[in-house]
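Colleague: What follows is each chain in one-letter form.
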Amino acid sequence: MTRIQELIRKTLVFLASSVSEYYKKVDVWLPNDFTLREFAYQPWTSSSYVRHISLSSYSDVKEFLVKRKPRHFYYSSARYDQPGMPDMDSKGWRSSDITFDIDADHLSSCRDKVITIKTIHGKEISLVDESCIRLAALKAKILVDVLIEEIGFDKRSIMVEFSGNRGFHVTVYLSDDDERARLGQEYRRELVNYIKGVDLQEETVRPWITLSSQRKFVQAVPPTVHMAGIRGRIARIAQQLALSEGNSEIATVFSERNLAQAVLLYQNSREEVDSIIEKALELARIEVDEQVTIDLKRLIRVPGSINGKTGLVVLRLTPEELADFTLNEELSPFKNFGAVRIRMLADLPNNVTILGHRLKLHKDERPRLPAPIAFYLMSRELAVLEK
Amino acid sequence: MTISRTSSLHSVIDGRKYPYFIDFNEFVSRRYGVKVVDLVKYRRDIVEEATSRLIYSIEKGRAPPPAEKMEDEVLSFYIALLIAVLSNNKWIVSRFALAEAERGMDLLSSEPDEVVAEVARLAGVRSLIYRPSAYREVVALINGVPSFRMYNFLINFHEYVVVARRLLGDSSWKPVNLPVLRGKVFLDRNRVIRLIKEALNVYIEERAKWILSSVDVDEVERVLEEHIKKVEEAASKRLRPRFKGRGKIEVPKGLIIEEAFPPCISHLLTAARSGEHLSHHERFAIATFLLGIGAEIDQVVDVFRSMPDFNEKIARYQVEHLAGLRGSGKKYRVYSCEKMRTLGMCRADCPNARSPIQVYYRNIRSYTKKRRDEKSEAK
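In order, the protein sequence lines correspond to chains A and B. Under the working numbering, the letters of the first sequence match residues 1 to 387, in that order. Under the working numbering, the letters of the second sequence match residues 1001 to 1379, in that order.
These are computed hints drawn from the structure, not numbers from a lab. Misleading hints may appear alongside valid ones.
Unchecked claim - Covered by chain A, per the in silico footprint, the following chain B stretches (three or more residues, Cβ under 8 Å):
#1 1063–1074
#2 1132–1139
#3 1151–1161
#4 1348–1360
Source: prediction; values computed, not measured. No residue lacks a Cβ here, since even glycine has one placed at the ideal position from N, Cα and C.
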């Protein structure tokens, strides 16, 4: 073993024991029916997953986490008769929650804001601009609104988490006997298509274009929050956009119940309103990862567990917290750890921000850094612990 | 499914128009006091009627208008269905179901909204509700007056996508282009009627599965033997690939034409049938190909029957796995021609072909065309 490999191994062992300490103090969050679910984890010192684990009580979960110190810890979106059975068929699938994943680097406006760094093993790590995380948070907030207002899911059954890396998970918890939990992939695929706005027709957004204006005086009606479907969605988003820009007059266009009044308001500031509608439409198409949602047997990061790619916690968020979400040191479970000296294994490009900090760091530098950032870099395998 | 529906239905739904909603066994025993098989023996006129109804659906894809008397209608529908099922040819059943569903849709267009909603529910669309002005959406102001789109029906979002699944290829059916609010999709009358056709199709196919369990199969089969044969003949004439304009070819569901298999697949098939030991990749290629062109699980399993290590249970499990019915639910696609080449299984140069399935349909097209040309020359 080379010296560097030995340092990396020691670092991973250190991270594992820090994680174990964390799990001694903190409980992860699990749905009540977790005994019907499969658990899986990846250890710090191996690249393979251990699957088909069944845990039967909260104290078992705690003991498991403290002892195994997982780098990544998952539970299944599916419920099974026998979650611990080693092959999928003998598990006996019962039903599944509906899960959504919004990744900052998959947002259409963020695809070119991804920076790739090579680790010492040649592994490629992609870091996305932190402004994209805020956009992903906004999209997650809109998704929750769509799931409630349009799809009709119960508000209390929806949970949102920051994934601990660059995205957000939205889960609709369904009871085992809910027929929607037992429908197959087709239903979920159409749900994704609906949310993404796949095949959205121009005339759905601007229905007046189907009318011929021959000998008729046709006036366009703006979308309003009272409308169903994507027109209502656009109006709700547009209203928020107008309000956040401090333009309350424009915002009223989207909530006006009096049609003649709405049309008049629309005509008076057509350009301004249209540009907000355009922005709202862009936000209304939510780029969820189709593969995640249609998979009936997905493994999901356990809320409250540590994401071993970053050393951050998978954090449950309310819609309000989602609106103000930014990456910062507060998200780290190691924020009270003091400073840690590390040794860099790679250059950090100067356009990268880590937990809100712009850092200039080069290979072989040995800085003392606040623990959240040090743990982040070590988890990323961009740095090792320096004694 | 055997609960009586006859009594409660008479007032609203006309059994003459929608015979499938009437419980066959109960209808027969109540009206005639006999079993189905006896009725079939003595009412040869109805059996003839039923046979021509079924053949009409095979040849024209349509169903005749309702009979004048309700009992004639109900009997001819169910006996036709019985013959279709006994023919043991899935294509005949689905062709019949489609023709009848189509007729149902046509008849619905002159029914009041309440009846439309009731038929939907009977056909299994459980959450559909008729509610006048359930939702209206303003399209524009025309000469200062608001113009609305009216929606008088609503259905649960998740039931909508399941029932409408075959229509969703058309974007206007995608929920994103419809008003969706708090878990409901709003629909207008025309869409509901079109949707009911989908539901009726499924419903009649379900009735087909049920009917066998409700009669004495062996005896009925004996009594209907001649008629089944007649229907099978009509089907075999129609069961050929046909051109559907612009060089598109329509291959009837369930039809597999081995002559059109690409060389790589025919070779594997011959090897499998003669009991040669095939590699994993070879088995994978042949099974995914057959599944890809619409073969049934049984047909695919049969191909492997002569293999030295054949084990019914394992083979079935694996084929079902490839078809996406097991394990992760992922449906496996056939290897591409490129992949077949790298695995050394490609046996011909198929110009511009992406996959063996594409070659298959291309072959069917040229061979159907050749046959058509020969036919017209012979004239």
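Colleague: Which numbered hints does this structure break?
Modeller: 1 and 4
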